[in-house]
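> Listed here are the chains, written in short residue letters.
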Amino acid sequence: MTVTLRVRFVRWFHQLASPPYVYRLAGQLAPWFAVTAGLLLLTGTYGGLVLAPADYLQGDGFRIIYVHVPSAYLSMLAYIIMATSAVVGFIWRIKMAHGLAVSAAPLGASFTLLALVTGGIWGKPMWGTYWQWADARLMSELLLLFLFAGYMVLRASFDDREKADRVSAILAAVGVINIPIIHYSVEWWSTLHQGPTIAKLDQPSITMDMLSPLLVMILGFTIFFAWLLCKRLQGEILNREGHARWVEKLLEEITR
Amino acid sequence: MSEFLQMGGYAAYVWSAYGITLIVLVVNIWAAFRSHTGALVRIHHENRPERSGRQPTVRQIT
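Just so you know, the protein sequences line up as chains D and F, in that order. For what it's worth, my numbering labels the leading residue of the first sequence as 26, then goes sequentially. For what it's worth, my numbering labels the leading residue of the second sequence as 5, then goes sequentially.
Quick caveat, the hints were computed from the structure, so don't treat them as lab data. Even glycine gets a Cβ: it sits at the ideal position worked out from N, Cα and C. It is possible that part of the hints are untrue.
Label-pair ranges, simulated between beta-carbon atoms [said to hold, decoys possible]:
1. Y81(D) / A16(F): 17 to 23 angstroms
2. R270(D) / I33(F): 20 to 26 angstroms
3. H49(F) / T222(D): 49 to 55 angstroms
4. H49(F) / S215(D): 27 to 33 angstroms
5. F8(F) / R186(D): 49 to 55 angstroms
6. Q53(D) / A16(F): 24 to 30 angstroms
7. F8(F) / R31(D): 54 to 60 angstroms
Partner residues are not named here, just some residues of chain F that face chain D (Cβ under 8 angstroms, in silico) [stated by the list, open to error]:
8. M5
9. S6
10. L9
11. V18
12. Y22
13. V30
14. W34
Footprint (simulated), chain D over chain F, 3 or more residues, beta carbon under 8 angstroms [stated by the list, open to error]:
15. 10-17
16. 42-51
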């Protein structure tokens, strides 16, 4: 029993490095992620804009939290996924892992930008300014945007894909240092950005009716990211495997 | 309804934040699908140069 389970697991693990298997898996998962993300985002938006009570201090202005926090959280998650898979690809020379890292980069960059923009819009009425150069949270999140951009620009500068994979993985790995800096920046240097609200180990300082739409939105953003990661990974696999026989067969199937 | 739209005086901030979020989500969907179908179309032409005049109809992408 345990032996067959282990054999199955090992086989599955090896399949994860096989392009046609990953391509098909991503294609099968994508529609489920799409539907789930759509439902969660609609529910969360309704909860955040309608059901949640106005904040006693910030009034209805606090409702920006339901798009700002999920995008900021997702920007970091995307970076961790990108860096982890790039490093896995670097160490074990797995092309699919590099493909996953490449797919995560533009998604992560867009959500980093979204976190910065929604943060600025939120900051204007609450802090009186869209931006402050001296704030550690703002600076480290801006650095995250540059890391995503740097990863993509660096890759584009190589003609040889394998070389691009290896060099860009090093950049991605070094940039991981920035993730704990973003997370703890509001505690280490308290300037403009407020302290943590939900990511506290003891007690989140937010009531349930405000918190639950936020958790729904965070989950919705995450699954939305998983959906588009699947689509981008499919494209990336085709870019890398364009002349393989299984791709030719696939093309014959869908263009018949 | 109009009270809801006014967002307690924060309408400009709240709605612009949600509007920009919607734009980012939609653009991401468009770009991700384009990266997939774009790769399919490109390889379709590359693998068989003789059919480069014909556009493939990508009915089902799985």
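> With reference to the structure, classify each hint as holding or not holding.
Results of checking the hints against the structure:
1. Y81(D) / A16(F): 17 to 23 angstroms: 21 angstroms, holds
2. R270(D) / I33(F): 20 to 26 angstroms: 31 angstroms, violated
3. H49(F) / T222(D): 49 to 55 angstroms: Distance hint for H49(F), T222(D) holds at roughly 51 angstroms.
4. H49(F) / S215(D): 27 to 33 angstroms: For H49(F) and S215(D) the Cβ distance comes to about 57 angstroms; the hint is violated.
5. F8(F) / R186(D): 49 to 55 angstroms: 51 angstroms, holds
6. Q53(D) / A16(F): 24 to 30 angstroms: Given a distance of about 43 angstroms, which is not inside 24 to 30 angstroms, the answer is violated.
7. F8(F) / R31(D): 54 to 60 angstroms: The hint (54 to 60 angstroms, Cβ to Cβ) holds, given that F8(F) and R31(D) are roughly 57 angstroms apart.
8. M5: Cβ of M5(F) sits 11 angstroms from chain D, so the hint is violated.
9. S6: 13 angstroms, violated
10. L9: This interface hint is violated because 10 angstroms lies over the 8 angstroms limit.
11. V18: 5 angstroms, holds
12. Y22: 6 angstroms, holds
13. V30: Nearest chain D Cβ about 11 angstroms off; hint violated.
14. W34: W34(F) check fails; min Cβ-Cβ to chain D is 10 angstroms, beyond 8 angstroms.
15. 10-17: As far as the segment 10-17 of chain F goes, the hint holds, because 5 residues have Cβ atoms under 8 angstroms from chain D.
16. 42-51: holds (count 8)
Consistency note: the structure conflicts with the earlier hints numbered 2, 4, 6, 8, 9, 10, 13 and 14.
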